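Trainee: In case you want the letters, here they are:
Number of protein chains: 2
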Amino acid sequence: MDLLNNYLIYLIPVFGLIGILVMAVKSAWVTKQETGDASMNQLAGYIADGAMAFLRAEWKILGYFVVVAGLLLAYSGTTVATSSPVIAVSFLIGAFLSAFAGFIGMRIATKANVRTTQAAKSSLAQALKVSFTGGTVMGLGVAGLAIIGLGSLFIVFYQVYVVQVAGSSVNGEAMAKALDVLAGFSLGAESIALFARVGGGIYTKAADVGADLVGKVEAGIPEDDVRNPATIADNVGDNVGDVAGMGADLFGSYVATMLATMVLGREIVSPDNFGGIAPVLLPMVIAGLGLIFSIVGASMVKIKKETDSVQKALNIGNWTSIILTAIATYFVVMWMLPDGNFHLTRDVIPGTTDLKAGSLVFTKTGVFMSILVGLVVGTLMSIITEYYTAMGKRPVMSIIKQSSTGHATNIIGGLAIGMESTVLPILVLAAGIYGSYFFAGLYGVAIAAAGMMATTAMQLAIDAFGPIADNAGGIAEMSRLPEEVRGRTDNLDAVGNTTAATGKGFAIASAALTSLALFAAFVGVAGIEHIDIYKANVLAGLFVGGMIPFIFSALAISAVGRAAMAMVEEVRRQFREIPGIMEYKAKPEYEKCVAISTKASIREMVAPGMIALITPIVIGFAFGPEVLGGLLAGVTVSGVLMGIFQSNAGGAWDNAKKSFEKGVEINGEIYYKKSEPHKASVTGDTVGDPFKDTSGPSMNILIKLMSIVSLVIAPHLNKADNNSKFIQKQEKVQSMITHVIKTDKKA
Amino acid sequence: MDLLNNYLIYLIPVFGLIGILVMAVKSAWVTKQETGDASMNQLAGYIADGAMAFLRAEWKILGYFVVVAGLLLAYSGTTVATSSPVIAVSFLIGAFLSAFAGFIGMRIATKANVRTTQAAKSSLAQALKVSFTGGTVMGLGVAGLAIIGLGSLFIVFYQVYVVQVAGSSVNGEAMAKALDVLAGFSLGAESIALFARVGGGIYTKAADVGADLVGKVEAGIPEDDVRNPATIADNVGDNVGDVAGMGADLFGSYVATMLATMVLGREIVSPDNFGGIAPVLLPMVIAGLGLIFSIVGASMVKIKKETDSVQKALNIGNWTSIILTAIATYFVVMWMLPDGNFHLTRDVIPGTTDLKAGSLVFTKTGVFMSILVGLVVGTLMSIITEYYTAMGKRPVMSIIKQSSTGHATNIIGGLAIGMESTVLPILVLAAGIYGSYFFAGLYGVAIAAAGMMATTAMQLAIDAFGPIADNAGGIAEMSRLPEEVRGRTDNLDAVGNTTAATGKGFAIASAALTSLALFAAFVGVAGIEHIDIYKANVLAGLFVGGMIPFIFSALAISAVGRAAMAMVEEVRRQFREIPGIMEYKAKPEYEKCVAISTKASIREMVAPGMIALITPIVIGFAFGPEVLGGLLAGVTVSGVLMGIFQSNAGGAWDNAKKSFEKGVEINGEIYYKKSEPHKASVTGDTVGDPFKDTSGPSMNILIKLMSIVSLVIAPHLNKADNNSKFIQKQEKVQSMITHVIKTDKKA
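Chains A and R supply the protein sequences, listed in that same order. The numbering used here numbers the first residue of the first sequence as 516 and each following residue consecutively. The numbering used here numbers the first residue of the second sequence as 516 and each following residue consecutively.
The set of hints was computed from the structure by calculation and includes no laboratory data. Here the structure is a predicted model, which is why all the values come from computation and not from measurement. The reader is advised that the hints may include incorrect statements.
Copies of one chain are not kept apart here, so a pair can be met inside one copy or by any two copies together.
[Unchecked claim] As a list, the in silico DSS-like pairs of lysine-lysine whose alpha-carbon atoms are at most 27 Å apart: (1) 1194 x 1173; (2) 871 x 547; (3) 1173 x 636; (4) 1188 x 817; (5) 1247 x 1107; (6) 871 x 1244; (7) 1247 x 817; (8) 916 x 1194; (9) 819 x 1102.
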């Protein structure tokens, strides 16, 4: 047992390695599945080529960004004692691993799609197996790389800054430096996530809208038609947005929650058997356990008969991994953390051993309870999101009904549902903040987020399964496969739509809790006592922060519009300049559309990205950490609200439109596709597209990235009481004014 | 001079009386103008009858509310020493005067409309004179009644609680009690405003949409056709929403800013010549001066030739009143406030005369600078709002361009513009908060709002002129008057559209600053030191607060949908059951539509209204004043953002649609009414209707009302450190959990 205690720190990357090994086995299995006939292979090849074209273009731009940002970080790392230029190294590794995880996900998704179509020729069970194994590869890749990266870097920095420095305290300045440098890893991951999520979101909707406007409307060819040069970009977009975007988002949340918990854990004086760093190690150990049990849960996802429920199989796998992780977490917490009361060092009155009045103390039981709170919050958020976006439930039905009186009432109905859908998630989140703090203080808020994120591998497997099934269905339709095959892919696709909705709820919840954990970590690192919105400057920061999600959304939404117009022009040009496309005699230049969409999306995401990166730096240095804290609170509250509003409105509009495919009853009449209410529902769906796939999910990254940037710059900020500087300025200006007035009177 | 010093307090209601006298003269002048031919008179009669029908129905419901709320207030006033059952009396007076001001406005507007039409037969100058005089009556009525009410009640309470009680200090507990009781006046005014703004907003859009859906779409008759039973309700709605709603909104802001400044002014120890209450009297004196100079400014609004610019005439009047008020305010501040440094009593360390570290001190020059900041903020907000909603400017042009690709892109364009339009107003507001605090602390924030509201009478005159001109144009069209007359009313109407937009910007700015002033007053009355969002429970409050404007908007928007459906059914019934309507042989039952719309609007506004009234009470008593402070901050930030977003999106959509009347160029082609892009723009306008006239402006009342409710309940809240209660609870639950786990293990 002593051996285990001493070497637990080295076990953490091993968890990650196990994940990557299992991933490799599963990836090899998917690759060796049959790929079907030539037509199917050709289509899948176009999509895979397009996805790679996107990654190449993205990486080229990101290369510049990463180098510049790395140099700036290295330089700034030399300016304060608690940091180091080494932070640039963790930044680069974080950025690289995040990009690499995206690459793995995209590659397996573009392989699994056509193999799922082929498998659907034999049975639903086999099709589920191929598509879900593809998703599992993505999930294990993201989680495995994150744990290996964070765990290994922590070992190195712990050795360099804490163990090797004689006399350094495990939870003092030395450890603070190690974790500050480690924060670069999270910053790198989240920066890449910003590009993947926002760029990917713009990409997918630009291609989607562009393809529809010229193909369906002008040329009169069906939606997934190989003659449309933008069709492949559209299919690539599904992978770019739903696979790579979601993967980068959760990679970022996963790393950030661990990091924030570690930063807060450092402040706990813990007489444990792990050299006093059990609270720091705990989040990584929980993540490792969650990864192992995700593998177990994923192995339970299977059906036998054609009539078995796919959703039920996914649920069994999901609940298995969550419950096993929860049980294992209980024993790990009891084993690792010592008995007695904990508190954060920031709650100690300086120079004494006494606690400040009103400080919260907690026990290891409380820590476990906080983790449970996190699991409950994640689950409830998923359920609520599903309710608001599912077919047949009250919200979607109300939009359908309002489609009968036209485009405008459909839009009004969707906007109202989106706004209404913020109520329950916010109440759950507020209760979660209250509850996790109640049980274990700020450490509790952070570890609740870590608990929620523990089974990220499983969540991502379920998420990534959706777009694979969607692509598989598209290939089946374009290749005109038999009705039976199409029925099976439709079945999987329908389940995928539900998991996409619940996945979005989970992603928002994780981003919100992650930001709050980072917020708490920021306050500690910045060394401030309060963030008092009763102060006018902090309140002004809160207002400005609240506004940022609005301008970010505005930029993202209008970027989709502009990028779609660029796509429209390219498609028109190809129809005009390449003769024979419409007669299937010439192959359209798919890769040009892909490049157009890629370039437009990368260009259009610069402005919102810069807002997220630069605002906290400007506010922090100009107005101090407390005003920055107000800004962060404003961004987080407003970002969560706008994220839920936009994602759920978009999801509800989407399913309202889809409901017309099977026919819906409005006031006693049945309406189908091409009816007037259906046309109104298409308008809602088009409005909802950038809402739910571009600006809505971007809110997750926005709030996390701004928090991480703040955490990274926190040691550099002037800790002096901002208010006294403010008063000096005020006195100066007042005496100036008095002087001017007196001079005036004399004159 | 001594005499003036001693009797200044009695001069305040005199300012109000002067306003009411001038109003009576102007009202009599409007009434004696010619009303035109029988057809015009009949139409005007229907509108006036409809407006009265609305008021009767509204008052009936409000009667119950006011009695119940008054009884609750009287009861609760007996439970704490700093309050008194007399608060119920001020509540009733505030509610009555607010309702009475609405009555005056509606009555003059429904008289001035037809008289403007008649005046337009002779000249533009005369038409402007009649319509603007009608607006002035409304403005002077609101401001006059507010000053008379607040000023007189203050005299009474000052006598009863401060002067008559031997040994009571002018800025101690006795004055606190006087102002606490006075807060009931503001609560009454704002409660009525809630009904007027939200109910009126639902009313006007329900009638508008309902009339269009059956009249234009089903029966195929023009928009303003006397055969449509809902047409009168539609015209009544314009008055209900734009005249009475805006009036009640500004009545509420006007009173609340004065009150909040007085509450903060009480905390200033002022060795002045006004018995030490100069800082308390100052906001009322400034309001009185603003009223007088509004009369002066209003008298400047005139044109001579047909070709003179109406907008310029309004601007000259507006700027005259603002500049004169600013100059007069300078001398009044210098005269009333003593030299030397001020501070708030809450900044004194208890038991000493020393100030807390970092406390802000300020001078009378600083107070004047804060007032200037308020004037600048109000002006900038109006200008920005105009930019985002004006024809021919970039925002509206971009929506027009996006209408060429259909309904969905028009909606996306408008939503993006609405979101983008939050940036500048929020930056102005944040700078305003920072600046006014910089110059005179929290008193500065409050007096900045008071300065901005000083010329409320003039602002309202300009606001109310718009719907009068609009109605005049409608009557001219329905009566088929000559092109020349119609041209003149069109001219006035176009100017009215601009002033409606700038008025909305002003109303939002005033609501935001008012809420912040009330927020600052609340903190003082509740006796708390910080509102620290670093505390988990306060942060949870911030989240819940941020969500409330979303659910409020959702309820308001869907209420419009439901109420419009009820209207549709009533119109269909009349067409079916009353033979001869279509042949002009039978008069439709206009009053039934009016009653339907009224009942529906009053019923539908109960839920949002209850949220605004009850949430602060529940949160305040359950979680204490600090969490309530977090809630208020969340509501204010989110409410201001949602208000700007919705109002500006709606305004921009509206003018994008109107631009098609004269023809717009998109990609080299000119499009007019009935073109496809125009149809898309109509969809945007319909979506924007409830945005800009129902939910958007309701945000103003929401944030103010919740702040006032909090201020009123503040003395009743438990001032004990909430955190220690929290920790007791935590210890209890933790020991319970430990017990359960131990028992489990034994079992």
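Trainee: Which of the listed hints are broken here?
Mentor: Of the numbered hints given earlier, those the structure breaks are 2, 4, 5, 7, 9, listed in rising order.
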